[in-house]
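Protein chains in written order, with our numbering: chain A, 305 to 638; chain B, 305 to 638; chain C, 3 to 502; chain D, 1069 to 1356.
Among the hints, a few may not be true.
[Said to hold, decoys possible] Cross-link-like lysine-lysine pairs, in silico, DSS-like; alpha carbons within 27 angstroms at most:
id, chain 1, residue 1, chain 2, residue 2
1, C, K239, C, K28
2, C, K164, B, K525
3, C, K28, A, K525
[Stated by the list, open to error] If you want the ones that stay clear, here's a sample from chain C, every Cβ over 12 angstroms from chain B, calculated:
id, residue
4, G62
5, N102
6, F104
7, M134
8, L238
9, D285
10, E318
[To be verified] According to the in silico footprint, chain D covers these stretches of chain B (three or more CB under 8 angstroms from chain D):
id, region
11, 460-469
12, 545-555
Don't read these hints as lab results, they were simulated from the structure.
Where a beta carbon is used, it is the ideal one built from N, C-alpha and C, also for glycine.
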Amino acid sequence: MSKTDTMEVVERRGGILVHVAELRHVREFNVLLALLLVGFLISLATPYFLTTNNLMGVFRAFSLTAIMSIGMVMVIITGGIDLSVGSAMGLASLVTALAFEAGFPTGAAISAGLATGLVFGLTNGLLITAIGLPPFIATLGTLSIGRGLMYMITHGVPVTPETPEIFSVLGQGYIGPVPVPVVIMLVLMIVFAVIMLRTRFGRHVYATGGNEHAARLSGVKVNRVKLTVYVLSSTIASIAGIIGFSRYLSAEPASGFGSELDVIAAAAIGGASLAGGVGSVTGAVIGAALVGVIANGVVLLNINTYAQQAITGGVILIAVSLDVLRNRLSGGGN
Amino acid sequence: MSKTDTMEVVERRGGILVHVAELRHVREFNVLLALLLVGFLISLATPYFLTTNNLMGVFRAFSLTAIMSIGMVMVIITGGIDLSVGSAMGLASLVTALAFEAGFPTGAAISAGLATGLVFGLTNGLLITAIGLPPFIATLGTLSIGRGLMYMITHGVPVTPETPEIFSVLGQGYIGPVPVPVVIMLVLMIVFAVIMLRTRFGRHVYATGGNEHAARLSGVKVNRVKLTVYVLSSTIASIAGIIGFSRYLSAEPASGFGSELDVIAAAAIGGASLAGGVGSVTGAVIGAALVGVIANGVVLLNINTYAQQAITGGVILIAVSLDVLRNRLSGGGN
Amino acid sequence: MSLFLEMHNISKTFPGVKALDHVDLKLNRGEVHALAGENGAGKSTLMKIMTGVYRADPGGSILVEGEEVTIHDPVHARSLGISIIYQELAVVNNLTVAENIFLAREPRGPTGLLDTRKMKADARAVLEELEMDIDPGAMVGRLSIGQKQMVEIARAISYESKLLIMDEPTASLSHHETQTLMRMVKRLSGQGIGVVYISHRLDEIFEISDRITVLRDGATVDTQLIENMTRDRLVLKMVDRELSELFGEHLSHASDEVLLSVRDLSLKRPTTQGARVSDVSFDLRKGEVLGFFGLVGAGRTEVMEMIFGSRPYSGEITIEGKKVEIHDPSTAIDLGIGFVTEDRQGQGLVLGMNVRENFSLTHLSDYCSFDFVRRREEKARCVDYIKSLAIKTPGTEEKVLNLSGGNQQKVVIAKWVARRPRILIVDEPTRGIDIGAKAEVHTLLNDLAAEGLSIIVVSSDLPEILAISDRVIVLREGKVTGELTRSEATQEAVMHAATG
Amino acid sequence: KDAGDITVAVVPKVAVPFFDDCNTGAQEAADALGVNYQWVVPQNTQGSTQVKIIEDLMARQVDGIAISVNEPKSVEGIINQAVEAGIAVLTFDSDSANSNRSMYIGTINAEAGVTMGKSMGEALGGKGKVAIVTGQLGASNLNERIDGVKKALAEYPDIELVAIEGTEDDLARAVSVTEALLRANPDLSGIFGVSQVGGPAVAKVLAQREFNDRADALKVFAFDDLPDTIKGVNEGYIDGIMVQRPVTMGRLAVEHLVAQIQGEETDPQDFDTGVTVVSKDNLDSYTK
Ligand SMILES: Nc1ncnc2c1ncn2[C@@H]1O[C@H](COP(=O)(O)OP(=O)(O)OP(=O)(O)O)[C@@H](O)[C@H]1O
Ligand SMILES: Nc1ncnc2c1ncn2[C@@H]1O[C@H](COP(=O)(O)OP(=O)(O)OP(=O)(O)O)[C@@H](O)[C@H]1O
Ligand SMILES: [Mg+2]
Ligand SMILES: [Mg+2]
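Please model the entire structure based on the sequences and the hints provided.
Here it is in structure tokens:
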């Protein structure tokens, strides 16, 4: 969506909405409605959907995508894109596994994984800010390099070291009925939602994406903001990687491949505009949830496996269209 | 790259360049230089590279990506994106194969494939212009639906009908030493380069991406322009699909999957900015060529196969960085 | 004169704002009709309704040549003979000047391909009529804002229209270009073309208009033949105050202490295009208001951008005797420099953010504890400024996109003044703001100088420069061609230095 | 030709452990014979990618190519061209039967599927609901295995195949699909993991608290001996694995190529390397 489009949408909405914060709010609200609607329809069709076990399973299943989308949406709000999240995730999980294999204790192994994400993000950030590469190219390059490294290290063979019991809590544990990955997702969501809405850094992220030039001339250190969001994105992706490894205790050589599209989709479904300046952390998580619920629904409903993808695509289109049309109607466009 | 950045780059270049046409020219020229440089380095290292057979093979190999990137770059110039090219390509090749299987003559089968692309593009275009979905979401949805349809139709089994001899010329034939797909690629490149640079429609595509609001106020039928580029993108992708089918005489259920990233990458490497307004058809083709040559080089040089992806990523980063840095230096950047 | 267009009972409601309230307007053929009113009075909105950008609330009607019409969009309006120069620039930066002028009606040759040669020649002809020396093949993105404005004007007059609306066409033009435009307008009206002329510059209004309509708070308060209107009466109608009480006496607060000193400032790695700055030297004293004058493209903005770190320079900049290197705006800001940019939409504001967020962007740390923004305080400060600058907005949470042009300009001024810099550079600060607000800005600048701030005012409005500056520096083609004290700076002397 | 002047290339389908074993076998054989050896892994599973690789190898003038085909029809043309150009070409693991390749070395996938189906039928006593968890929906070898399974199940009228689910060979996806499968079918009694990802996925799901009590009732047969699959067998979640002989395939491929290049083998015949059903009992004694 181009900037002018966004503006028009905003104009159209008129009535109810007065300011950005509310706008964000309502965007999320719309996707949330779509999510609830889809969930409701599925629960009508199958009794297996609305069980604690299934819901928690669904939550856990989309939690990794959701976690990555938290970092992604910040990048997208600055007007950038991070294609390399899947590689950052996969590489972090691999490095963690290798660290365990090399006999590192849990803390050190996790740190190694996080450090991988950090280095990855720094590389992206520096390519974009210091050299001036377009984000798409820079992160496409590191995406390839990351994948390549994983193949070079593993030759396609998963790494499955012995790990201490305590480590598997991260991916397999529960707090009450809630799986630990879901708890981590919620904590990250709240933390970053607060950062984006209540801190100077968050404000600068929105300003950078809204009008980079004006932001720079107002004293925003645009390059530092960008560097930070790319570092955050990769680091958050590495958290997802570590959780994923803890869950499966197997670092797959192809893990995370192709996930960039899912992650960007979550952010976009949650209302982020690829033109920058617009989006929210909670929206991205809800976007991931919508996709996750649909994916669960098509299996629960025993829909022909060959048709699943088409149905997923269709439902997403309908859900987001409803959102868009609702806005148009409520705004009474010119 | 944000719009302001682009402008700055333009400003930086100052001296040499006066207007868009020249600018585009130089962008392409830079990528072309990178391409020649990479080619030169490979030819130093292996005698097998600079043979007619190999070069023509390389050309043919990247021709499909290049063809698709011609449609893609037009979409990107309007500020949009088309994630569904791979599905359009795959579905078109499948429909063509099914048409042959159903006993259609060559002309009718090809038309069926082209019509598939057309319908696909119309769907994208209408979702974006009439409903107002963001291009990323709209084409992500049709990407999934297209893939799903292919699975539903084939159940995962390739369609391999008998085809008349004449049909295979499209993918397998030669004109002199030049493979037919390469000829088609060059023809399309020239046609669309002229359209973009020398026709009203082309100007309107650039205007739409540059400042949609201003373009609309000036009387550019922005929605019609967008509809057209999406239709073109899918239709051109369907041409690639038909050629691909003619080459392998097998419509694979997964053909085209994942190719969107390659195609977008070609356009981006060739100088297109995802923010819209900037890019060129020839640039996109050269971008596809660069990636194709690197892939060829890695096999010819017998580089560790697992490292191929990492090397491809690295070379792309270096090539585009050189381009960016060259511009900075020649323009006197900040 | 015969009636061309009539608007009856036009109202327009935006969320929280009644922008127009039962407005009537009659426009004759060949008439120059001025539209005046304070910022946010509804002038632009009325024109946007006339050209189909907005739809009026139900109940109103528009008649063109006696027939009631519903105007769908600007293209439709144009087919009815109505074209417009928008207040905010609507050019496409990645196209050339000629391509912008002829966008959506490009000439085509016999092959169906673009006839670029004809397009350039036609563009050159229009530009020559406007006495503009711009290459039709130049990218619009590289032009200064004044030049972009001229491109818009060129485009509008190249339409064969019966009514031409000009919404503050001269806000970013200087004296010379303005004069050319005035002549142009007179010629058009001589040819029977009606012109709606919106401006906050009273001189222009009295110079060219035949009739004038004054809007206030979205309602018509007066329509008069210009002969029956006086300056005093107009100001009274517009802002409800006497002209004489608006502008106070100029008091100099300049000390002898040099705060900023610039030596041999040149554009780093100059290229061949355009008027590029070279060897500019000047001093700025504490508490001084230093005016910069020049024609469009003289390079004033470029000098300021170098000082502010957004353009690479060579030469020496010293502040309080210490040499400083300014490579980016945040360095400049840390050194105590503030910069009200001339291009409010492109460089001044994040249009998608609200008034509060734009306001505080320059000094957000004032409201931060551990990076957390104390929103209540932020909002309170913002409200203070909305009051003191009389910014017309439904509230702090309104997107700046929805503010009228002049009110957007006030937000840009507020965000810099609130930061309290030591050196405040204002580039065309009163661009598009009404006479009342202009007086307030002048007073504000004077007060700031009294507090010891040093101020550089770049303006193309010669009377403004003369009214508020302690000293005037004149640039021509990137070089200093005059430095005049307040007493030396007469209209003639300054113009002489600017035009050579 | 001198062994030192001979270059053979082996092209797998993708980078997965199975082919890493093939590489091991092929490399050993090449070292033993003293020929030059190139291992080229495609970046994706599209037929066209392998075509491109063969073209590149032809340009490089290798003497022999062994390939595990992703898509049989699309490589036919290029294989024939390579053969015409005097390059020895054979297929392993996955065949392009209508091409002019000299021979095929590997598992007959359909038969492996039948074996798998029969094992399940016996384990279930001929009665129950079963589901198939596959990998990429388009992969021909997986489809052959599925066909084989179906063929075998046709002998057991009381066994109902309730679902086939694709996983894109992604472990995370396979896990969530398996979870949903188990929830949607509380009475499911058997799962086939026909691609390599199935074994680890099912084992991990069954190890979870929620599904642990279903492990006994659920019979699981998987393909390929990934470490996690073997672990699954050890822990009792998986009842049997169809283990192919990748190392053997790789070794034989290179040996036959070299023999053909040197003109020692003139009438090559297809070679079935077979599968072993590995269960807890023979876990330590099988060979690849
Ligand atoms: N799209 C919009 N949404 C909400 N409010 C708007 C919108 N456009 C204009 N307004 C409001 O309508 C009122 C009139 O604005 P308008 O732009 O017509 O003023 P103006 O007379 O042109 O002022 P100026 O001299 O500053 O250009 C203002 O209060 C403005 O805030
Ligand atoms: N003939 C020209 N062709 C292209 N660009 C030009 C030309 N003349 C000037 N420029 C551009 O105009 C700018 C210089 O004008 P600048 O904005 O600094 O002057 P100014 O005196 O502030 O004028 P303005 O009132 O137009 O802002 C530079 O950015 C330069 O690139
Ligand atoms: Mg206005
Ligand atoms: Mg200026």
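Consistency of the hints with the structure:
{"no.": "1", "hint": "C:K239 with C:K28", "result": "holds, 19 angstroms"}
{"no.": "2", "hint": "C:K164 with B:K525", "result": "holds, 23 angstroms"}
{"no.": "3", "hint": "C:K28 with A:K525", "result": "violated, 51 angstroms"}
{"no.": "4", "hint": "G62", "result": "holds, 22 angstroms"}
{"no.": "5", "hint": "N102", "result": "violated, 8 angstroms"}
{"no.": "6", "hint": "F104", "result": "violated, 9 angstroms"}
{"no.": "7", "hint": "M134", "result": "holds, 17 angstroms"}
{"no.": "8", "hint": "L238", "result": "holds, 35 angstroms"}
{"no.": "9", "hint": "D285", "result": "holds, 26 angstroms"}
{"no.": "10", "hint": "E318", "result": "holds, 18 angstroms"}
{"no.": "11", "hint": "460-469", "result": "holds (count 4)"}
{"no.": "12", "hint": "545-555", "result": "holds (count 5)"}
Violated hints for the displayed structure, listed by number in ascending order: 3, 5 and 6.
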